[in-house]
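Asks: Read off the chains here:
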Amino acid sequence: MPENTVFWVLAALAVGGGVMVFRFDSMARATYALLLSLLCVGGMVILLGLDYLGVVIVLMMTIEMAIMAVFMVMYMMNPAGLMPMSMQHNKKGAAVVCTGVFLLMASGIVLAPWPPRAGTADDDPTKALGESLMGPQMLTMMTLGFALFATIVATVLLATHRGRYDRLGDDLRARRADDPVPGGVGR
Amino acid sequence: MNLELFLLAAAALFGVGLFGALTQQSVVMLMMGLELMLGGVILAAAAVWHYIAPAATDGQVLVVLAVTVMAVEMAIGFAVVTALFRAREVDMTDEAGDLRA
Numbered sequence: 001m002p003e004n005t006v007f008w009v010l011a012a013l014a015v016g017g018g019v020m021v022f023r024f025d026s027m028a029r030a031t032y033a034l035l036l037s038l039l040c041v042g043g044m045v046i047l048l049g050l051d052y053l054g055v056v057i058v059l060m061m062t063i064e065m066a067i068m069a070v071f072m073v074m075y076m077m078n079p080a081g082l083m084p085m086s087m088q089h090n091k092k093g094a095a096v097v098c099t100g101v102f103l104l105m106a107s108g109i110v111l112a113p114w115p116p117r118a119g120t121a122d123d124d125p126t127k128a129l130g131e132s133l134m135g136p137q138m139l140t141m142m143t144l145g146f147a148l149f150a151t152i153v154a155t156v157l158l159a160t161h162r163g164r165y166d167r168l169g170d171d172l173r174a175r176r177a178d179d180p181v182p183g184g185v186g187r
Numbered sequence: 188m189n190l191e192l193f194l195l196a197a198a199a200l201f202g203v204g205l206f207g208a209l210t211q212q213s214v215v216m217l218m219m220g221l222e223l224m225l226g227g228v229i230l231a232a233a234a235v236w237h238y239i240a241p242a243a244t245d246g247q248v249l250v251v252l253a254v255t256v257m258a259v260e261m262a263i264g265f266a267v268v269t270a271l272f273r274a275r276e277v278d279m280t281d282e283a284g285d286l287r288a
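Going down the list, the protein sequences come from chains P and L.
Be aware that the first sequence starts at 1, since it is given in my numbering, and climbs by one per residue.
Be aware that the second sequence starts at 188, since it is given in my numbering, and climbs by one per residue.
Excised from the complex, chain P in its bound form (with noise of 0.2 Å):
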């Protein structure tokens, strides 16, 4: 009975935060409102027995959310929400959208004739887990850590301020990269 109160509880923050995220005028609430939905997921998560996943949600949307604010006030025109704005389009449209997939979802989860439950959880999830990202799904695993190593790359790239042609001139055929800052191999 307490679990099936937390759910609700939790259920009901998750979608009424989501729902925030795109009323507020302040990007700092949204930020917020974001993180309280994101927390109640991962709190959703503990109480299907996945202790451990559902704690790296909880830290990880803090720290997400907490770089989020910063990078809202940073590029938003409005980050105070002092004066009240739109920033939609199309509003109606999107909504019609929206509700139609989540009827058709919705009357898919209801319709549908879901399979017994097979097999008990394992006593330590979070073993099995660990056992089979290094075993069977390693391949998972390697593409993950892959993906990883891309995005710092990829990100690095397209944030930084200087590229190819502020280091070696415009028909790149500079004999020493012009860089700020001397150091890199062989220097």
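It is worth saying that the hints were derived from the structure and are not from the lab.
Among the hints, erroneous ones may be present.
Once the Cα atoms are required to be at most 25 Å apart in a straight line, the calculated DMTMM-like pairs of lysine to aspartate or glutamate come out as [what the hints assert, rightly or not]:
hint: 1; chain 1: P; residue 1: 92; chain 2: L; residue 2: 281
hint: 2; chain 1: P; residue 1: 127; chain 2: L; residue 2: 245
hint: 3; chain 1: P; residue 1: 92; chain 2: L; residue 2: 282
hint: 4; chain 1: P; residue 1: 91; chain 2: L; residue 2: 282
Starting from the known structure of chain P, fit chain L onto it as the hints suggest.
Replies: Here is chain L on its own, set in the frame of chain P:
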């Protein structure tokens, strides 16, 4: 609590996130919609693991995958916003439409 309730909550999160992704003009707000949609995917994967196949770890692996996608989406998204802002001093999707070749 049952599978259907968790999946309905996940579908609601996905729907709200889709609304944000379709309506928001700011790239950062658009990314918030994507994060909500991925939150729905995470919840659905965890619920399917718990109620249908707890003996297998596939549901947990899907959660790990979705969490990683969230991190990658945010990192790449912010890098793109930074590059866009440096080039145009905008962070709006409408003003980035003409970047296509």
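Asks: It remains to establish, for every hint, whether it holds in the given structure.
Replies: Evaluation of the provided hints:
1. P:92 / L:281: holds (18 Å)
2. P:127 / L:245: holds (14 Å)
3. P:92 / L:282: holds (21 Å)
4. P:91 / L:282: Cα-Cα ~18 Å, so holds.
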